[in-house]
Amino acid sequence: MLRVSFQLVFSKWIYVSIAIAVAGIFWIIFNVFDQLLFFSPVFVFYLPNDAVVGFILSTITAILMGIVVSMNVYILKYSGNLKVTMGSLFSGSTLSMISSMCASCSSAGFLLVSTFGSVGVTASAFLSNYQIPLRIISIALLVWTLYLASSKLTRSCVLNHSVDNGTKNV
Amino acid sequence: LSKASYTYNNLNRDESLVTNLCSKRLVLSLILVSIVTVSFTFYLGVPASAQNNNKNISLANLIKEGSPHLGSPSAPVTIIDFSDFQCYLCARYVKNTEPKINETYIQTGKANMVFKHLPNRGTDSKGAAIAAQCTNDQGMFWQFHNLVYKNQGPIDSGWVNKDNLKKLASKISGLDIQKFNSCFDSQKYKSLVEKDIALGASFGFHDTPNFIIVNNDGSNAEIIKGAQPFAAFKALVDKKL
Numbered sequence: 001m002l003r004v005s006f007q008l009v010f011s012k013w014i015y016v017s018i019a020i021a022v023a024g025i026f027w028i029i030f031n032v033f034d035q036l037l038f039f040s041p042v043f044v045f046y047l048p049n050d051a052v053v054g055f056i057l058s059t060i061t062a063i064l065m066g067i068v069v070s071m072n073v074y075i076l077k078y079s080g081n082l083k084v085t086m087g088s089l090f091s092g093s094t095l096s097m098i099s100s101m102c103a104s105c106s107s108a109g110f111l112l113v114s115t116f117g118s119v120g121v122t123a124s125a126f127l128s129n130y131q132i133p134l135r136i137i138s139i140a141l142l143v144w145t146l147y148l149a150s151s152k153l154t155r156s157c158v159l160n161h162s163v164d165n166g167t168k169n170v
Numbered sequence: 001l002s003k004a005s006y007t008y009n010n011l012n013r014d015e016s017l018v019t020n021l022c023s024k025r026l027v028l029s030l031i032l033v034s035i036v037t038v039s040f041t042f043y044l045g046v047p048a049s050a051q052n053n054n055k056n057i058s059l060a061n062l063i064k065e066g067s068p069h070l071g072s073p074s075a076p077v078t079i080i081d082f083s084d085f086q087c088y089l090c091a092r093y094v095k096n097t098e099p100k101i102n103e104t105y106i107q108t109g110k111a112n113m114v115f116k117h118l119p120n121r122g123t124d125s126k127g128a129a130i131a132a133q134c135t136n137d138q139g140m141f142w143q144f145h146n147l148v149y150k151n152q153g154p155i156d157s158g159w160v161n162k163d164n165l166k167k168l169a170s171k172i173s174g175l176d177i178q179k180f181n182s183c184f185d186s187q188k189y190k191s192l193v194e195k196d197i198a199l200g201a202s203f204g205f206h207d208t209p210n211f212i213i214v215n216n217d218g219s220n221a222e223i224i225k226g227a228q229p230f231a232a233f234k235a236l237v238d239k240k241l
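Chains as they are written, first to last, in my numbering: chain B, 1 to 170; chain E, 1 to 241.
Just chain E, with the same shape it has in the complex (with noise of 0.2 angstroms):
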């Protein structure tokens, strides 16, 4: 009788041990899915933001400030790309967002780009948004965007680095390599960057690419979070046409 109840002792004992175990189980799902959802929330982002902003972000302002622009100056709408050499996802919307765009409002000169950088995905990141930066001095900003995203790697693998950013912009024919290296070296263009990366953190972009669409004159701009396809841009350009 007293091994029966031994036993039994033992049984009620084990089967509270799962409860507690399973109690536990279930406050770690609750955790995981809060994380997630605060997450996810934190992600989609409120595109609000960008009403709130009193910069000035009229193309006639981003160009005076010395940002890489294309597309007629006085078209009515301006996409402002906040953007990462060493984002893939960057890639991915040069690769298939932005020709559609560019041969759509671009070409048609209903709308211009200008392009904000905005380094954040690893080390190298920086130097490439500087590099950039001074291929714009002799117009060939455009160029060497195409080129560096076309040749891609992996983040901080050293493809973007120091050397290979200069081997990368002697690729582009009618480019004064001389030139180019004093800027880099110089890093003419670090305090732009820094400007670009406050820019961006005062709309709330700390990941990249992020878009404004705005009108000319930098008043009604909204917001596009990530690398969208064209639907989402020609939803709301053509609603500023």
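Chain B with its partners taken away, still in its complex shape (with noise of 0.2 angstroms):
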């Protein structure tokens, strides 16, 4: 079922664009947020011991959220219905981009600090402190709406056989 729909939507240079486009940005932004890329005072990417598994997570999390949308476009643009896979895709990009963001001792968490007192305290210290695991769920979330996606555009037209009043419904 994935072959095929991979088959169907890479085969055509403009969804292969959009994935790599997609998966560009969001991996630069997760790896600003992880503060392990840098643009200012030096263009530096590096990776310490203790950010690798991190650093795996988000890269697949942003392949998977540029495999993800180049479908739904495809979807949108053939089909035009993305209510299935709309809800996941957004928890689990959302859900990626929070505890990077607020995980990381960044502005982000002192904002949640800042706007919601003690209650942002707490919530940015779980952010930190569950953050792998929160990065796992976002990727299982992910991986859900690909096969969503995968199988909304691997199914064949469905006829419906129930007779009714002699006419047959399609």
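Derived from the structure by calculation, the hints contain no laboratory data.
Everything numeric in this text was worked out from a predicted model, so none of it was measured.
Careful, some of the hints might be misleading.
Unchecked claim - Within a straight-line C-alpha distance of at most 25 angstroms, the following computed SDA-like cross-link-like pairs (lysine to any residue) qualify:
(1) K239/E x G204/E
(2) K150/E x T123/E
(3) K240/E x F39/B
(4) K100/E x P48/B
(5) K234/E x L47/B
(6) K150/E x A51/B
(7) K234/E x N96/E
(8) K234/E x E103/E
(9) K150/E x F126/B
(10) K12/B x L148/B
(11) K64/E x N216/E
(12) K100/E x F230/E
(13) K100/E x F43/B
(14) K234/E x Y46/B
(15) K162/E x F126/B
(16) K234/E x V52/B
(17) K95/E x T59/B
(18) K195/E x S118/B
(19) K95/E x K110/E
(20) K150/E x N129/B
(21) K234/E x V42/B
(22) K195/E x N56/E
(23) K239/E x F43/B
(24) K95/E x F55/B
(25) K95/E x Y149/E
(26) K162/E x V119/B
(27) K150/E x V53/B
(28) K95/E x L37/B
(29) K110/E x V42/B
(30) K150/E x P133/B
(31) K95/E x N146/E
(32) K12/B x G24/B
(33) K167/E x N146/E
(34) K55/E x S40/B
(35) K239/E x L37/B
(36) K95/E x F39/B
(37) K162/E x N129/B
(38) K162/E x T122/B
(39) K95/E x G153/E
Two chains, two frames, a set of hints: combine them into the complex.
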């Protein structure tokens, strides 16, 4: 099923481009928030030992987001119904973003703390302490979205053979 | 015919619902992208604020204020570190970048380092900052600093609660624990820590770690945001030497 849907979508260069662009943008965003990629004062990327697991998970998330968004654009163009996949896509991607932004000792974490006070401190601490499990959950949600999108793309036309007043409904 | 017309109308209505739904999704997508972009820009920050700050951040003044420092007081460059003991990115910096800075610039007398407290990661952070400042009274700040980062645990899990801070302090050989406990229990350095937070805020620092690379006399300040690798520090420090 996955192979067929990949062949269907990624046989067109425009969807490959969308997937690469989305994955690239999110890869940059994740790595900036994880403080692995810096633009100032010098452009530098570095991967210390304690960041390897997080880096692998965020890279998987970025790739999955690229694939899923591209598939959804395809579905939007040819079917127009995104109802099934959009919920899980948004929850997966949002969870991944939040776990990156708030868990690092970044301004987003501070914003959470300053806006929500002690509740914000607890939320920020939770997101920091459980960053890896949250990323695994977001990957699971994106894999689920990928499954839904693939099954939507490969689903054949179903004939409803129920006979209603002698007519056959399609 | 009427049945066919009914089905056709239903299909049209469904199509319109789908279109509306897609439009809403697209609007939501745009909002999400906007939020991400704004956060991204906010995070990257504008280092120029260091140039417009009138605070006296000369080494002499920082030492006078009671900030812990490392290296030769006559070194031409000062690296001011704003950190929180509960911040895991600060621990990453201490583990990966600080030893290289120490070896290349501090030990060679080219730069010195000053520590400023920016405890905002959890409710136990301020206590850890006050305890660290109490060890500075006895000239043991950097030993305590390294010990705390080495033993860093999950935020607010109790690893730097009052009892554990005292236990950590007791592991430092040569530290007078009675003096430490007296200083810590009286919250002697609470106002110093709050002044550090205010100084950090005046430079737009709300996150940790952040660094100011400045000439010994407090001029020509430049900012490094985040737990950056040695290459970033090298670029700025070498420029000032």
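We went through each hint and held it up to the structure:
At most 25 angstroms may separate the alpha-carbon atoms for a hinted pair to count; K239/E and G204/E meet this at roughly 23 angstroms. Of the pairs offered as hints, the one joining K150/E and T123/E holds, with about 20 angstroms between alpha carbons and a cut-off of 25 angstroms not exceeded. For a cut-off of 25 angstroms, the pair hint linking K240/E to F39/B stands: about 20 angstroms separates their Cα positions. Distance hint between K100/E and P48/B is fulfilled; the C-alpha atoms sit about 14 angstroms from each other, no more than 25 angstroms.
Of the supplied pair hints, the one linking K234/E and L47/B holds, its CA atoms being roughly 18 angstroms apart against a limit of 25 angstroms. Taking the CA atoms of K150/E and A51/B, the gap is about 16 angstroms. The hint holds against a cut of 25 angstroms. For the proposed pair K234/E and N96/E, the alpha carbon gap of about 14 angstroms is at most 25 angstroms, so the pair holds. With a C-alpha separation of about 12 angstroms, the suggested pairing of K234/E with E103/E holds against the 25 angstroms cut-off.
About 21 angstroms separates the Cα atoms of K150/E and F126/B, which keeps this hinted pair within 25 angstroms; it holds. A C-alpha spacing of about 20 angstroms is found between K12/B and L148/B, which places the hinted pair at or below 25 angstroms, so the restraint holds. With a C-alpha separation of about 14 angstroms, the suggested pairing of K64/E with N216/E holds against the 25 angstroms cut-off. With a C-alpha separation of about 7 angstroms, the suggested pair K100/E and F230/E falls inside the 25 angstroms cut-off, and the hint holds.
Distance restraint check for K100/E and F43/B: the Cα-Cα separation of roughly 19 angstroms lies within the 25 angstroms cut-off, and the hinted pair is therefore satisfied. At roughly 15 angstroms between alpha-carbon atoms, K234/E and Y46/B fall within 25 angstroms of each other, so this suggested pair holds. With a C-alpha separation of about 21 angstroms, the suggested pair K162/E and F126/B falls inside the 25 angstroms cut-off, and the hint holds. Taking the CA atoms of K234/E and V52/B, the gap is near 24 angstroms; set against the 25 angstroms cutoff, the hint holds.
Of the supplied pair hints, the one linking K95/E and T59/B holds, its CA atoms being roughly 24 angstroms apart against a limit of 25 angstroms. About 21 angstroms separates the Cα atoms of K195/E and S118/B, which keeps this hinted pair within 25 angstroms; it holds. Among the hinted pairs, K95/E with K110/E is consistent with the structure: their alpha-carbon atoms are about 21 angstroms apart, no more than 25 angstroms. A distance of roughly 17 angstroms separates the Cα atoms of K150/E and N129/B; the hinted pair therefore holds under the 25 angstroms criterion.
Between K234/E and V42/B, the direct Cα distance comes to roughly 10 angstroms. Compliance with the 25 angstroms bound is thereby established for this hinted pair. Between the alpha carbons of K195/E and N56/E the distance comes to roughly 13 angstroms, so the proposed pair stays at or under 25 angstroms and holds. Taking the CA atoms of K239/E and F43/B, the gap is about 16 angstroms. The hint holds against a cut of 25 angstroms. Between K95/E and F55/B, the direct Cα distance comes to roughly 18 angstroms. Compliance with the 25 angstroms bound is thereby established for this hinted pair.
Distance check on the hinted pair: K95/E and Y149/E sit about 8 angstroms apart at the alpha-carbon level, within 25 angstroms; holds. With a C-alpha separation of about 22 angstroms, the suggested pairing of K162/E with V119/B holds against the 25 angstroms cut-off. A distance of roughly 20 angstroms separates the Cα atoms of K150/E and V53/B; the hinted pair therefore holds under the 25 angstroms criterion. Taking the CA atoms of K95/E and L37/B, the gap is near 18 angstroms; set against the 25 angstroms cutoff, the hint holds.
With a C-alpha separation of about 21 angstroms, the suggested pair K110/E and V42/B falls inside the 25 angstroms cut-off, and the hint holds. With a CA separation close to 23 angstroms, the supplied pair K150/E and P133/B stays within the 25 angstroms bound. Only pairs whose Cα atoms come within 25 angstroms are accepted, and K95/E paired with N146/E is accepted, the gap being roughly 9 angstroms. Proposed proximity of K12/B and G24/B is supported: the alpha carbons are some 19 angstroms apart, at most 25 angstroms.
The suggested pairing of K167/E with N146/E holds, with an alpha-carbon distance near 15 angstroms, which does not exceed 25 angstroms. With a C-alpha separation of about 23 angstroms, the suggested pairing of K55/E with S40/B holds against the 25 angstroms cut-off. Between the alpha carbons of K239/E and L37/B the distance comes to roughly 22 angstroms, so the proposed pair stays at or under 25 angstroms and holds. Our distance criterion of 25 angstroms between C-alpha atoms is met by K95/E and F39/B, whose separation comes to about 22 angstroms.
Taken as a hint, the K162/E and N129/B pair is honoured in the structure, with Cα atoms around 21 angstroms apart against an allowance of 25 angstroms. As the CA atoms of K162/E and T122/B are separated by approximately 19 angstroms, the hinted pair is consistent with the 25 angstroms bound. Under the criterion of a C-alpha separation no larger than 25 angstroms, the hint pairing K95/E with G153/E is consistent with the structure, at around 15 angstroms.
Checked against the numbered hints listed earlier, the structure breaks none of them; every hint is satisfied.
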